[in-house]
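Q: With chain P held as given, fit chain U onto it using these hints.
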Amino acid sequence: MGQALMNPPTVEGWHTGSEWIDGGTLNERVNFAVNQFDDVSTPGFKDILSRLGDQVKSDDLVGRCLDLIGPIEVGNETHAALSSYADAVGDLDLSTDQARTENAVKIARMIQLIVSTREYQFA
Amino acid sequence: MATTTKKDPVFVVVQLSGGNDFMNTVIPYTNPLYYDNRTFLNIPEEDVLPLDSTLGWHPEMGPFKELYDRGMVAIVQGIGYPDSNRSHFRGMDIWHTCTPDEVSTVGWLGNTIEQLDPTGENPLTGINFGVGLPKAMTKAGVPVTSVSNLDNYGLMSGITAEDQKDEALQIFKNMYGQAVGTGPVMDYLSRTGNDVLTGADIIKVAPERYESTVEYADSPIGKSLRDVARVHSADLGTRIFYTQQGGYDTHANQLPTQPGLFKDLARAVNDFFADLEEHDADDNVIMLIFSEFGRRIADNGSGTDHGSGGGAFLVGKPVDGGLYCEYPSLERDRWAKGEDLEHTIDYRGIYGTVLEQWLGLEAAPIVQGTFEQINPFKTN
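Chains as they are written, first to last, in the working numbering: chain P, 1 to 123; chain U, 1 to 380.
Keep in mind the hints are simulated off the structure, nothing from the lab. Watch out, some of these pointers could steer you wrong.
Output of the computed footprint for chain U on chain P, the stretches with three or more beta carbons under 8 Å from beta carbons of chain U [unchecked claim]:
1) 11-17
2) 26-33
3) 49-63
4) 104-114
Some residues of chain U that are not near chain P, with every Cβ distance over 12 Å (derived) [claimed, not checked]:
5) LEU116
6) ASP187
7) ASP283
All values derive from a computational prediction rather than experimental measurement. Here a beta-carbon is modelled for each residue, glycine too, at the ideal position from N, C-alpha and C.
For reference, chain P alone in the conformation it holds in the complex (with noise of 0.2 Å):
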C-alpha cells in the first residue's frame, strides 16, 4: 500500500494531508482488506463463525458483523446498503456444520462489504 517500513520518500517522512489515500491506495486497502475473508476454512475466520452462534436473523446481520470486526459505526447509507445483501441472503441457519459450511460463504461476503466500507478504511 506503498508505505514501506523504515523507508519513507525522504529524510521528512510521510506527506500529511489527503495522500494517505487515493485511488490506488484505495484500491490496494480495499482489496487487500476484502482478501483477508478470501477463506472460510480459516482459523480467524472459523472464530468468527462461532461467535455468530446458531442462528443470525437478516435483520441482525449486519449489526452484529459490525460488531465483530470492529466495532464499526457506520452511516445511514452505509448500512442501508449492506441491510440490502442482508436481505437478500435472509436468515442463516449456523447450528450444523454442514449449515455453517453452506453459509459461510454468505458471511465472509457480509464481512468483505463492511471492510469496503469508507467507515472501516478511515478508522
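A: Frame of chain P; chain U shown alone:
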C-alpha cells in the same frame, strides 16, 4: 502558439523525489571549480559521457544520452525559483501548486486537467501511476485516476465469480455514492471510490490491448513508464500522465545510490520512447523530468545537502533537443544562499512553455503569473 500534432498532445511528468544532484547529472567536467568543490563526490573526467566540450552526462545516463544524441532531449539548466525552500515537503508543494508564497491545495495539473476536460467527463484525462496522488494533480471536483498496479486495478478483484463480484461492486457503489455532504473526509473517500469504479471500467482494456517487443528493465520507474505506455497506446483519452522515481534524497549514500537511480531512470525513459515509437504513438508525447531542488555546490565530505537550483529535462520526438538556459555559475560570488546553485530559469516558465506551446492552454491563470518561457519544440 501551440505546436500542432495530428492527435491530442499528451504530457508525461516524471518526478525525481528527494532533490536530484544536477551537478552530477549534467556535469561541468572541464570546470576546475567543479572538482574544487566536489573533492569527494566528483565524477572523474574520463568517466563522464561528454555532450559537448564543457558538459557531460553521468556515466550511468548512457541510454538517456542516446535520446539526447537523437535530438530528443532539451536540457533545462538552472531551473528553480527565488529564495528556494530546502524542505522536501514545502519544496515539492511549491512545484506542485505554483504558489511559493502561500500554501495551496490546488495543483497546477489539477487546473490543467480541468481546462482539458471541463465537464470531468473522462476520469482518465489525468492518471497518476504509483502510490500517493501528487498534489500537482489535485483540485476539488476534478476526477483523477491513481493507479498503483495496472494489472490489478479494480475493486473486489479477489472475488472470482463474476456475478458475485458484480453484486459486491453494486453495493460498494451504493455505499460510496450516496454519502456526499457527510463531511470532508467521507466526501473525499466517496469521490475517490467512485473515481476508482469509473476509471477501472475504462482502463481495464489497456493491458488487454497492449503488445510490445520492448522489454523494460525490472525497476519501479520502468514498470510505471510501461504502464504509461500501455494506457497511452490504448488511446483512452489520457492527456496527463504522472509518475515518480523516489530515492534522490541520498545524502551520505549518494556515491553508491545515485548511479543505480540513473541507471534505472535512463533505461526506463529510453525503453518508454522505444515502446511509443514501436506503437507509432510518439509524435504527440512529451515528458518533463524534474526534481524539487538541486543539491549544494560543495559536497559535505560524504554526500550533498539540500540546495536550490537544479535541472530538468523535456524529452520526446517533438522536442528540439539541446541545451536551454544558462548553467548556474560555480563562481562563489554567484552562489545562492552562499552555498547553492542559483536558478537561471523559473520552473513556472517551463510549466508555461508546456501549457501554451504544447497543450495550447493559457498559462498565466495556472502558473499564477507570467514567466520567461523557452522554445523547446520543433516547428512544423
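Q: Which hint numbers does the structure go against, in order from smallest to largest?
A: Failing hints, ascending: 3 and 6.
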